[in-house]
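Novice: The lines below spell out each chain.
Protein chains: 2
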Amino acid sequence: MRLSQYFLPVLKQTPAEAQIASHRLMLRAGMIRQASAGIYSWLPLGLRVLSKIEQIVREEQNRAGAQELLMPTIQPADLWRESGRYDDYGKEMLRIQDRHERDMLYGPTNEELITDIFRHSVRSYRDLPRNLYHIQWKFRDEVRPRFGIMRGREFLMKDNYSFDLDYAGARHSYNKMFVAYLRTFERMGLKAIPMAADSGPIGGDMSHEFIILAETGESEVYCHADYLGFEALAEDPDYDNDLQPVVDRWTSLYAATDEKHDPARFEAEVPADRRIATRGIEVGHIFYFGTKYSQPMGATVTGADGGEVPVEMGSYGIGVSRLVGGTIEASHDDAGIVWPEPVAPFKVGLVNLKPGDAACDGICADLYAKLGGAGVEVLYDDTEERAGAKFATMDLIGLPWQVIVGPRGAKDGKVELKNRRSGDRDELGLDAALQRLI
Amino acid sequence: MRLSQYFLPVLKQTPAEAQIASHRLMLRAGMIRQASAGIYSWLPLGLRVLSKIEQIVREEQNRAGAQELLMPTIQPADLWRESGRYDDYGKEMLRIQDRHERDMLYGPTNEELITDIFRHSVRSYRDLPRNLYHIQWKFRDEVRPRFGIMRGREFLMKDNYSFDLDYAGARHSYNKMFVAYLRTFERMGLKAIPMAADSGPIGGDMSHEFIILAETGESEVYCHADYLGFEALAEDPDYDNDLQPVVDRWTSLYAATDEKHDPARFEAEVPADRRIATRGIEVGHIFYFGTKYSQPMGATVTGADGGEVPVEMGSYGIGVSRLVGGTIEASHDDAGIVWPEPVAPFKVGLVNLKPGDAACDGICADLYAKLGGAGVEVLYDDTEERAGAKFATMDLIGLPWQVIVGPRGAKDGKVELKNRRSGDRDELGLDAALQRLI
Chain D
1278 MRLSQYFLPV LKQTPAEAQI ASHRLMLRAG MIRQASAGIY SWLPLGLRVL SKIEQIVREE
1338 QNRAGAQELL MPTIQPADLW RESGRYDDYG KEMLRIQDRH ERDMLYGPTN EELITDIFRH
1398 SVRSYRDLPR NLYHIQWKFR DEVRPRFGIM RGREFLMKDN YSFDLDYAGA RHSYNKMFVA
1458 YLRTFERMGL KAIPMAADSG PIGGDMSHEF IILAETGESE VYCHADYLGF EALAEDPDYD
1518 NDLQPVVDRW TSLYAATDEK HDPARFEAEV PADRRIATRG IEVGHIFYFG TKYSQPMGAT
1578 VTGADGGEVP VEMGSYGIGV SRLVGGTIEA SHDDAGIVWP EPVAPFKVGL VNLKPGDAAC
1638 DGICADLYAK LGGAGVEVLY DDTEERAGAK FATMDLIGLP WQVIVGPRGA KDGKVELKNR
1698 RSGDRDELGL DAALQRLI
Chain X
1278 MRLSQYFLPV LKQTPAEAQI ASHRLMLRAG MIRQASAGIY SWLPLGLRVL SKIEQIVREE
1338 QNRAGAQELL MPTIQPADLW RESGRYDDYG KEMLRIQDRH ERDMLYGPTN EELITDIFRH
1398 SVRSYRDLPR NLYHIQWKFR DEVRPRFGIM RGREFLMKDN YSFDLDYAGA RHSYNKMFVA
1458 YLRTFERMGL KAIPMAADSG PIGGDMSHEF IILAETGESE VYCHADYLGF EALAEDPDYD
1518 NDLQPVVDRW TSLYAATDEK HDPARFEAEV PADRRIATRG IEVGHIFYFG TKYSQPMGAT
1578 VTGADGGEVP VEMGSYGIGV SRLVGGTIEA SHDDAGIVWP EPVAPFKVGL VNLKPGDAAC
1638 DGICADLYAK LGGAGVEVLY DDTEERAGAK FATMDLIGLP WQVIVGPRGA KDGKVELKNR
1698 RSGDRDELGL DAALQRLI
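In the order they appear, the protein sequences are chains D and X.
One gets my numbering by counting positions in the first sequence from 1 and adding 1277 to each.
One gets my numbering by counting positions in the second sequence from 1 and adding 1277 to each.
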């Protein structure tokens, strides 16, 4: 993509309304634009990141055996009356009347609708387990939307629902998502720690939030520092195997959000020099809730003995749009965003310092064609801006690699390769530069 | 994907409420399920088709130089007050008040919001032309939603908006989309004919609907039969070239929807035996509207002479979800859907007639692995159903190829390959079958 043609409205000034780094940087880098309070348009650069994160989430859901469908944004109120949540949900639910004065709502979540689909489609225990998810926009009418897309009103979420015949099955479904989440966040270059979370009236230990540590996080979190050193998962988990050992390992050390925090246990279990008490950003939540919806809504199957059994359910959410902000909170510096490569909008920023100079233009055209041909995504700054402004924009938008082509090096066939994260710069010939990038 | 694990709730009975083939077949084939009047969940099989159509639309938009962004579903009413459409739009607009009693709406289209983004981002004629699109759910509160997703209330649409300095630029932008649409529908295996459509108070000839001919279409259409024989476009149109000759060719013969139909001209220009008078399904609409929104909303750029010029705009829509139904209307038979290969949910249905038979199981496992390894999407019917039911389901869901593995052939290493469209069947060895499918 040529920057001269790209719709990238970067801002020179820091917008006054933005209180945290991700909000500031997303506005300045031309990734989003506010449409109204807590509601954003995703401009091309922002949408590229959002789509990459969405695709990683999708791939890992599919790998774990979940199947994708897509429920609508607008739901009938009657379903929520069946579960009893229509009155409970309060003002965060965006309630709507259609032209025939039927009560509708913009879905804040989908337990009722997926349970409705299930109860009309699945009849026998032989058709279990089922694990269905979708990636769809949700709406929660926050009283004070803030922090940009981190706490917006319209947001993109992956929500997955599992259906099992019994508790043992439900636990395996839960464990699958636990492992899939570890892998999902790891692939995005994030360190997300599963923390015990409130399991509500159901009780038990099957509720975990996945938390990115960041000073700007909205909740206080407490955990053992050893989690930061936990190494990567095995490349391809076999989701049919018993996953309990993986779950046990990742829950072996203390980690809790403030609502479950127990200071006495924290001090007893974690040596003083390994105690982390900081803030965190919730990017995922997995939750077992038994028959909370299947019971009142009549989502039953015929068991092996011929009796009707309400199915055991769990739900598993990932904040897809929130992850864009969460990644920036975890990965930026004074100059701008520092994208982990798997979610970067482009891998390479190619900077032509002197468009019109034959050597610069020739080298840039050559690199642009060869990188593109090899499937490397390149944003080519072919504009007439001065060098300082070009460097500032590239640092701001945070592409992992910059290739800087200036007239002095170009006449010797050299370019400068800069790593955005480390700041390391190397002067290289074209072939050597290509080898590093392809 | 193994059918025994796939969430595919096919219906044996034809649902009484479905009046047209696509609605009936989408319900029966387990592609969609109604959530409330005119609002549907897309089950896994349906979502696969929807995603493939969406991706073809996206690729052809990008190829034509359009850039993707994503605007939210919920918009502020104030923007629509600026353009004057808030009061004009009537009851089809889903109007909402949020918890602070601000007037909001679920976007039925996005001229106002994209114009707002443009006016805050682009200042100079040097930054033109711009061509921005998104693929997002829309809502129109139809008084009588019907025909399934063909005339639903919540629907997926690609809408593109062009911004040019002058009329000549706007015409070129219009022509780009005209050509991109020809290519888009052709890639989907559809014959869509551009027909002169109402251009409203703007007048002129820059308004075309792209229409699929089908008895079940909602509008009457009239055209020259030669259009049906118009051959494919050149492989890769160069969108920087003058595209007027392509547009001229595709508008050289009579073609009009009822609102623009002129019986006298139809009879004068089209020989009696070449006159087609039938019904059609609108799957796209391209439209030039000049400064209709830029003028009242102040979307101006500084021209070369320093003066402020309101930009010339056009909008270009494709009904992405409607295309799923439109394709079925154009391509089905008594037994079910007949998917064109580019949008088929899977390319191959692999039917094991006797699971448990060692030869059948072995051949199926082998084919399933090899086809999957070659990137061919396969739905593997490994269920215990009887043969007749298996054949009926495969015909119903309309995958382009069926590979039928029965015990008689299997012991000689033979399978039957059936083409869903032609009904042709061949008995083949495994390698020969693979060669036909990869």
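Watch out, some of these pointers could steer you wrong.
Each pair may be met inside one copy or between any two copies, as identical chains are not told apart.
Derived PhoX-like pairs: lysine-lysine, alpha-carbon spacing no greater than 25 Å straight-line [said to hold, decoys possible]:
#1 Lys1415 with Lys1289
#2 Lys1624 with Lys1368
#3 Lys1667 with Lys1415
#4 Lys1415 with Lys1691
#5 Lys1329 with Lys1415
#6 Lys1415 with Lys1631
#7 Lys1667 with Lys1691
#8 Lys1468 with Lys1537
#9 Lys1647 with Lys1667
#10 Lys1329 with Lys1631
#11 Lys1368 with Lys1415
#12 Lys1289 with Lys1537
#13 Lys1688 with Lys1537
#14 Lys1468 with Lys1368
#15 Lys1695 with Lys1537
#16 Lys1647 with Lys1368
#17 Lys1691 with Lys1537
#18 Lys1695 with Lys1368
#19 Lys1415 with Lys1624
These are calculated hints, taken from the structure and not from any lab test.
Novice: Does each hint hold? Answer for all of them.
Specialist: Evaluation of the provided hints:
1. Taking the closest pair of Cα atoms, Lys1415 and Lys1289 never come within 25 Å of each other, the shortest separation being 32 Å inside a single copy and 34 Å across copies.
2. Proximity of Lys1624 and Lys1368 under a CA criterion of 25 Å is satisfied in neither setting, with 42 Å inside one chain copy and 47 Å between copies.
3. In this assembly of identical chains, the alpha carbons of Lys1667 and Lys1415 never lie at most 25 Å apart, being 37 Å within a copy and 38 Å across copies at closest.
4. Proximity of Lys1415 to Lys1691 under the C-alpha cut-off of 25 Å is found in neither arrangement, the shortest distances being 50 Å within a copy and 51 Å between copies.
5. Taking the shortest alpha-carbon separations for Lys1329 and Lys1415, both the intra-copy value of 19 Å and the inter-copy value of 23 Å come in at or below 25 Å.
6. Taking the closest pair of Cα atoms, Lys1415 and Lys1631 never come within 25 Å of each other, the shortest separation being 46 Å inside a single copy and 45 Å across copies.
7. Proximity of Lys1667 to Lys1691 under the C-alpha cut-off of 25 Å is restricted to the intra-copy arrangement: shortest distance 19 Å within a copy versus 64 Å between copies.
8. Taking identical chains as interchangeable, the C-alpha atoms of Lys1468 and Lys1537 lie at most 25 Å apart only when both belong to the same chain, with a minimum of 21 Å there against 60 Å between chains.
9. In this homomeric assembly, Lys1647 and Lys1667 come within 25 Å of each other (Cα to Cα) only inside a single copy, at 22 Å, whereas the closest approach across copies is 49 Å.
10. For the homomeric pair Lys1329 and Lys1631, neither the shortest alpha-carbon distance inside one copy (32 Å) nor that between copies (42 Å) is at most 25 Å.
11. In this assembly of identical chains, Lys1368 and Lys1415 lie within 25 Å of each other by CA distance both inside one copy and across copies; the values are 15 Å within and 24 Å between.
12. Taking the closest pair of Cα atoms, Lys1289 and Lys1537 never come within 25 Å of each other, the shortest separation being 43 Å inside a single copy and 50 Å across copies.
13. Within a single copy, Lys1688 and Lys1537 get their C-alpha atoms no closer than 63 Å, and across copies no closer than 62 Å, so neither meets the 25 Å cut-off.
14. Taking CA atoms no more than 25 Å apart as the test, Lys1468 paired with Lys1368 passes in neither setting, with 34 Å inside one copy and 48 Å between copies.
15. In the homo-oligomer, the alpha carbons of Lys1695 and Lys1537 never lie at most 25 Å apart, since the shortest distance is 44 Å inside one protomer and 59 Å across protomers.
16. For a Cα distance limit of 25 Å, the shortest separation of Lys1647 from Lys1368 qualifies neither inside one copy, at 54 Å, nor across copies, at 54 Å.
17. Proximity of Lys1691 and Lys1537 under a CA criterion of 25 Å is satisfied in neither setting, with 57 Å inside one chain copy and 62 Å between copies.
18. In this assembly of identical chains, Lys1695 and Lys1368 lie within 25 Å of each other by CA distance neither inside one copy nor across copies; the values are 49 Å within and 56 Å between.
19. For the identical chains of this complex, Lys1415 and Lys1624 are neighbours neither inside a copy (30 Å) nor across copies (33 Å), given an alpha-carbon limit of 25 Å.
Violation of the numbered hints given earlier is confined to hints 1, 2, 3, 4, 6, 10, 12, 13, 14, 15, 16, 17, 18, 19; the remaining hints are satisfied by the structure.
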